[in-house]
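Starting from the known structure of chain E, fit chain W onto it as the hints suggest.
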Amino acid sequence: MAAVTRSILVYANCQGEELIRTGRYMPSLMDHIGFKWIPLHQVTPEDWDTRYGPDFMADVAAVWEQVEAGPPSQDRQELHRRRPAGCQVVRFPPFTALCIWPFAGNDPRLAADPTRYPWPDSIAAALAIEDLADDALFERYMQTTTKRMPDLERRLRMDITRWEAADALSDVHVASWVEQNFRTVKLFHTAGHLTAVPIGFMLRQLLERTSIVNRNEQTRLRGEIDTLLRGHDGQDFESVPIHPLVAERLALRFYDPDARYRWHAHEWTLREYILRYARWAPYLG
Amino acid sequence: MPERVEATFVFGSLGNLPGALIDGWAVEDNYAWAIGTESRLLLPLPADEAEYLLRLTVQPLIHKGERDAQRLAVATELGILANFSLEQRTTIELALPIALTRNRNNIALILLHPDAMRPSDFKQIDDHRLLSVCFMSGTLTRPADNARDHPPAAACRLIVAGGYVARQIAEAISELPILRQRVACHYVNTDHVHEVTPPPSEVLQSAALCWEQTGVNHAWAWAGIRSMLPPGCDIRRFAAPRMTVLWPFLQADPRLTYEAGLYPGGRYPFGDRIAASLAHLQLPDDVMQLTYMSMAETGMPDLDALLAADRAAWRDIDATHDIAVADYIGENFRRNRLCFAPPYPTGDLLGHMIGQLLGGSRIAALCDPAMLRQELDFLLTGYLGRREELPIHPQVAQRLGLAWWHPGMRYRWQGNRWTFEDYVLRTIRWTPWRP
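Quick mapping for you: the protein sequence lines, in order, are chains E and W. The first sequence finishes on residue 382 if you use the working numbering, and the numbering steps up by one all the way, no holes. The second sequence finishes on residue 482 if you use the working numbering, and the numbering steps up by one all the way, no holes.
Don't read these hints as lab results, they were simulated from the structure. Hints are supplied without guarantee of correctness; some may be wrong.
Partner residues aside, some chain W positions facing chain E, computed with beta carbon under 10 Å [stated by the list, open to error]:
1) Thr138
2) Thr186
3) Ala219
4) Gly432
Keep in mind the model is a prediction, meaning the values are calculated, not measured. Think of the CB as a built atom: it goes at the ideal place given N, C-alpha and C, for glycine as much as any other residue.
Looking at chain E on its own, in the form it has when it is part of the complex:
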């Protein structure tokens, strides 16, 4: 393997990790371009001191910078101070979809145990202490969620507004692509975790805009992305099931009522997931 002399630095949430994990397995880039990631949601002042110094930045030829709403955080300002002079910056938006999981609210159990079921469900949380048999518990959940289902069209409009706002800060635009595709293809495992489809879409867009990537290679690179991601499940380690009424109201054509959703070392139906979530049941990792 030849020495990699130039790197693309991805400054992004966990979606950035998916970009670099895919990029690192692309045969045409493997020996030429390295990928680095600074997780914007986890980076600490100590990381800047110990991990992301001049040595880390020395070979960075391009930065793929995921945008955020609001004024630049201290970490983002630190990134801007440290990136090598003259390196290309390509800004891209995060993918999010809050409307698909309308009961993602709060669960008091997260205060003491934040990682067991980190995608809260307000209705299931409220059922947590009910002493009900499986069928009765799930029936109660379905009744309550059906009764309290919020206005999903409004939720979708709010999502679209967010997507468009992030696009306005970015060189890569996704709002219209997500709006056109989210009903026909599953794009999200959770509100912020992606299937392989948007990962591939974003990676193609970013590579096309990155000047250190040879323009004549783009067709080959697209083929390699397709090969790596065809059949890939993306960030599915925690895939939160979709409520059938959400699928109906949002007209999600990809929805399968019998779908099984991965949760760490398991694959559960909506019913199996809700029973375990409500009971805060242990699972295998």
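Showing chain W alone in chain E's frame:
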């Protein structure tokens, strides 16, 4: 002090406190803002004699430099209960006065929050509400009833030693709620490629049970560790049964090498002799697949003979170990999926093995066996193992009459889900894949 959750509270219109937010609230779907300078909360209670602790998860409205904290005082008819200065999302605790909770259905809390702000005053948004603290969720807990909530502290130490399957077993035992306070389970990886990290000597010397997986290449250190087990330790030996009849073309591929940083376990570690023999051909996908299928049909081994060999191996395990697997696999493998790949059991087979190890053991005597079995089945529902599922040739599935198999079935390979045809083509071409 051990405690038990008596109620969970979720604020917001989707939550479970619809009648509790009396005055001074702006209720949104998933939370409720305390607005103005005072809000009132009528919190439901169980109407019994217990003392209660209330925890509330709250988020203050902060504007750095101008309002770095929100003050919050919680009062009752008896006076101020507690004062807080909230700088970030946090969970506050309030011991509710027994005089106001004993045999009552609810308690009236007065929330005083003098630092409310209008978001429109410091942000370009059209929100003129006077917001202070956002209430998200909460719990009402009481001291635990020892007999009901806390069984006696770990009465039994279990060592599970071996490779991957032993680790799966140890993880399952450790996660069973019914055993949580009763059994302390320690896994020892004895695989020869790993350095063996023994459990602390006091654990070893007081172990009541040891489940030892055979058939792995035990590191030399394991023998020394094993000798430290006390004389009364109940040692049970088990082996991970292999199933080879489902994959008759298994053969190590000469292209399999260690690819540092990319495929620690090998790119396609199981190998397929027909795929390997086609590797040098440059053919279109459909022609390549047809060629593979044709060669597989011609070269299909005698599946009855392979199954007989597997049965003999399982019976051998039964004869030399402390658990029986032969009859179970033989009777069930057509009806239920029992192996993801030759050495990797599914949740079904793993559950059977754990059940066998538990049967008649000191652990089974510590709890209700029916409840234990129920929890084990619940835990193993939908178990995917290490997500390395070796695809099965359609002809093999059909000839063996595998009821759980279907055409077009997709198999997990780490982050991927491939059909048999996808997998074969990728193996022939040694195509890179993304974990």
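- Task: May I ask you to test the interface hint for Thr138/W with respect to chain E, counting a Cβ-Cβ separation under 10 Å as satisfied?
- Result: 4 Å, holds
- Identify whether the interface hint at Thr186/W stands, where standing means a beta carbon of chain E within less than 10 Å of its own. 4 Å, holds
- Given hint Ala219/W near chain E, where the shortest CB pair must fall under 10 Å: 7 Å, holds
- Message: Quick check on the hint: Gly432/W CB to chain E CB, less than 10 Å?
- Response: 7 Å, holds
In summary, the structure agrees with every hint in the numbered list given earlier.
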